[in-house]
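The hints should help you fit chain B onto chain A, whose structure is shown.
Protein chains: 2
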Amino acid sequence: MEKLFVIKVGGNVIDNKDALDEFLQAFVSVNEKKILIHGGGKIATSIGDRLGIDSKYINGRRITDEATLDLVTMVYGGLVNKNIVAALQAKGVNAIGFTGADGNILRGVKRPVKEIDYGFAGDIEETGVATDLLKQLLESGLAPVFAPLVHNGEGQMLNTNADTIASTLAVAMSAYYEVRLIYCFEKKGILGNVEDENSVVKNLDKKLYQEMLDSRKLFEGILPKIENAFKAIDAGVKEVLIGDAKDLVNNAGKNHFGTLISN
Amino acid sequence: MEKLFVIKVGGNVIDNKDALDEFLQAFVSVNEKKILIHGGGKIATSIGDRLGIDSKYINGRRITDEATLDLVTMVYGGLVNKNIVAALQAKGVNAIGFTGADGNILRGVKRPVKEIDYGFAGDIEETGVATDLLKQLLESGLAPVFAPLVHNGEGQMLNTNADTIASTLAVAMSAYYEVRLIYCFEKKGILGNVEDENSVVKNLDKKLYQEMLDSRKLFEGILPKIENAFKAIDAGVKEVLIGDAKDLVNNAGKNHFGTLISN
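Just so you know, the sequences run in chain order A and B. Heads up: the first sequence begins at 217 in the working numbering, then just goes up one per residue. Heads up: the second sequence begins at 217 in the working numbering, then just goes up one per residue.
Extracted from the complex, chain A is given alone in its bound form (with noise of 0.2 Å):
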């Protein structure tokens, strides 16, 4: 099968001008077929300040009532997805912008209220992947680019995780690709001893895993990370590579950057 780089980035990168434009230039240098899915950033709640909109959280979680759904509609699917795209597009990468209602690509549906009303989030629906279209505008070249937001198929535009989209995206289309899930993230890799920054895991399985989690060297923040990596891999996800965003471009082959996850 030939290869699919799911590449996400976070908001730490997309906050800062130097840091984005060095990784756009990693991302151009990828060779395989790839997709980015990228996250929000401070910029919203920077607007939204202006506006009068307040942020709004819970346990870490923003609540997405109406207003802040038409912030985020605005920033993230408006002001920076056109301009990571356009700036792709500069440098001879063909994207090509989405939120989950374009072309019905993703579908959600918004979170049920239990103890918490997050509001407008969405919880993506594993079969709501439109695969087809995905795959076509691969084989044509393109490069989609997609911004955390899905639709419910009713109107309803929703909030949705980046991270989460990226796993979806990534588990659905390991039927036709053999796929790497990239997660672009502030340190060099899975650090086997949190007070080393040099100890990066460079390959971890999940037998090297669970000893790593019996020695208790591991940073406890990093744990659902390598968790979801796993669900992924399971779930059909070739590997699962972490590190930093402007190391991308280091990626050819044994010679990666960051940790490898793999069955």
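Worth flagging that the hints you see were computed from the coordinates, not collected in a lab. Heads up, some of the hints might be wrong.
For lysine-lysine, the following BS3-like pairs were computed, each having C-alpha atoms within a straight-line distance of at most 27 Å [unchecked claim]:
{"no.": "1", "chain 1": "A", "residue 1": "K307", "chain 2": "B", "residue 2": "K351"}
{"no.": "2", "chain 1": "A", "residue 1": "K326", "chain 2": "B", "residue 2": "K233"}
{"no.": "3", "chain 1": "B", "residue 1": "K307", "chain 2": "A", "residue 2": "K326"}
{"no.": "4", "chain 1": "A", "residue 1": "K307", "chain 2": "B", "residue 2": "K233"}
{"no.": "5", "chain 1": "A", "residue 1": "K351", "chain 2": "B", "residue 2": "K351"}
{"no.": "6", "chain 1": "A", "residue 1": "K351", "chain 2": "B", "residue 2": "K307"}
{"no.": "7", "chain 1": "A", "residue 1": "K233", "chain 2": "B", "residue 2": "K351"}
Over the 12 Å line for every Cβ pair with chain B, so calculated as not near, a few chain A residues [stated by the list, open to error]:
{"no.": "8", "residue": "M217"}
{"no.": "9", "residue": "N297"}
{"no.": "10", "residue": "V417"}
{"no.": "11", "residue": "K423"}
Predicted model only: the values in this text are computed from it and were never measured. Note that the Cβ used here is the ideal one computed from N, Cα and C, for glycine as well.
Quick look at chain B alone, frame taken from chain A:
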């Protein structure tokens, strides 16, 4: 050749929730292949006011400074475009949103500064339409929905007139389809007598136009629209229809609404 409808709807419809819904319902009922181009509307001005961004106009044209460009990229490319796409999806049309940057589908150049500096306003390049991609999407059953923004291929988004985008797309796609270019506006059509709302001219060709010019019964403000229509027809478009957005549903065969302009 197969038919293609290229339909432009203006800001006055976009600004009115009921009028927009009525128009979209009519758009759904068009059975031919179709492309929608939407204007901006006053929502950018009202959000701009809240953000402290002044709307500057010279001779009725918006001056697009950097803050205004960010504003229209957010509002037209994000909020307006995505809400239209999601609404069409809910009505069963497989809509897909575009700015000119997406898939490099529409390139322009920054308007040269002569007496007036229009800022980040784009003049479309006639050869700047990615007709292959557009054709591929139409053949796949998708309905492209354009926000009035293009890019210059060097990373710069540009604010662009929606009427011009519509006529440029219509002319470019005439190589593959029998194109009807439709301008939705606030009258039933072109009035033979400006003082009589019921004097809609059903069919207009160059000969009749010359006669009407000679008898001076046309509303002066409509003359540029008619001149542009004939220009599009001379460049390959089969016919141009001008009429009320909500009448769009009655488009079938000879029993068309509004004023049909042809050679």
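Q: Verify that the Cβ of V417 of chain A lies farther than 12 Å from every Cβ atom of chain B, and report whether the claim holds or is violated.
A: 37 Å, holds
Q.
Does K233 of chain B sit within 27 Å of K307 of chain A, going by the straight-line distance between their CA atoms?
A. 39 Å, violated
Q. Just checking, N297 of chain A versus chain B, shortest CB gap more than 12 Å?
A. N297 of chain A not clear of chain B: closest Cβ-Cβ about 8 Å, inside 12 Å.
Q.
For a C-alpha distance cap of 27 Å, please report whether K233 of chain A and K351 of chain B respect it.
A. 35 Å, violated
Q. Under the criterion that the straight-line Cα-Cα distance not exceed 27 Å, is the pair K326 of chain A, K233 of chain B satisfied?
A. 23 Å, holds
Q: Would you mind confirming whether the straight-line C-alpha gap from K307 of chain A to K351 of chain B stays at or under 27 Å?
A: Distance ~25 Å between K307 of chain A and K351 of chain B Cα, so the pair holds.
Q: Could you let me know if the closest chain B CB is still more than 12 Å away from the CB of K423 of chain A?
A: 44 Å, holds
(Q) For a C-alpha distance cap of 27 Å, please report whether K351 of chain A and K307 of chain B respect it. (A) 25 Å, holds
(Q) Hint check: K351 of chain A vs K351 of chain B, CA-CA at most 27 Å. Holds or violated? (A) Status holds; Cα separation ~17 Å.
(Q) Is the claim that M217 of chain A lies outside the interface with chain B correct, judged by CB distances over 12 Å? (A) With a cut-off of 12 Å, M217 of chain A remains clear of chain B, as the shortest Cβ separation is near 23 Å.
Q) Under the criterion that the straight-line Cα-Cα distance not exceed 27 Å, is the pair K307 of chain B, K326 of chain A satisfied? A) 19 Å, holds
Hint check: violations occur at hints 4, 7 and 9; the rest are consistent with the structure.
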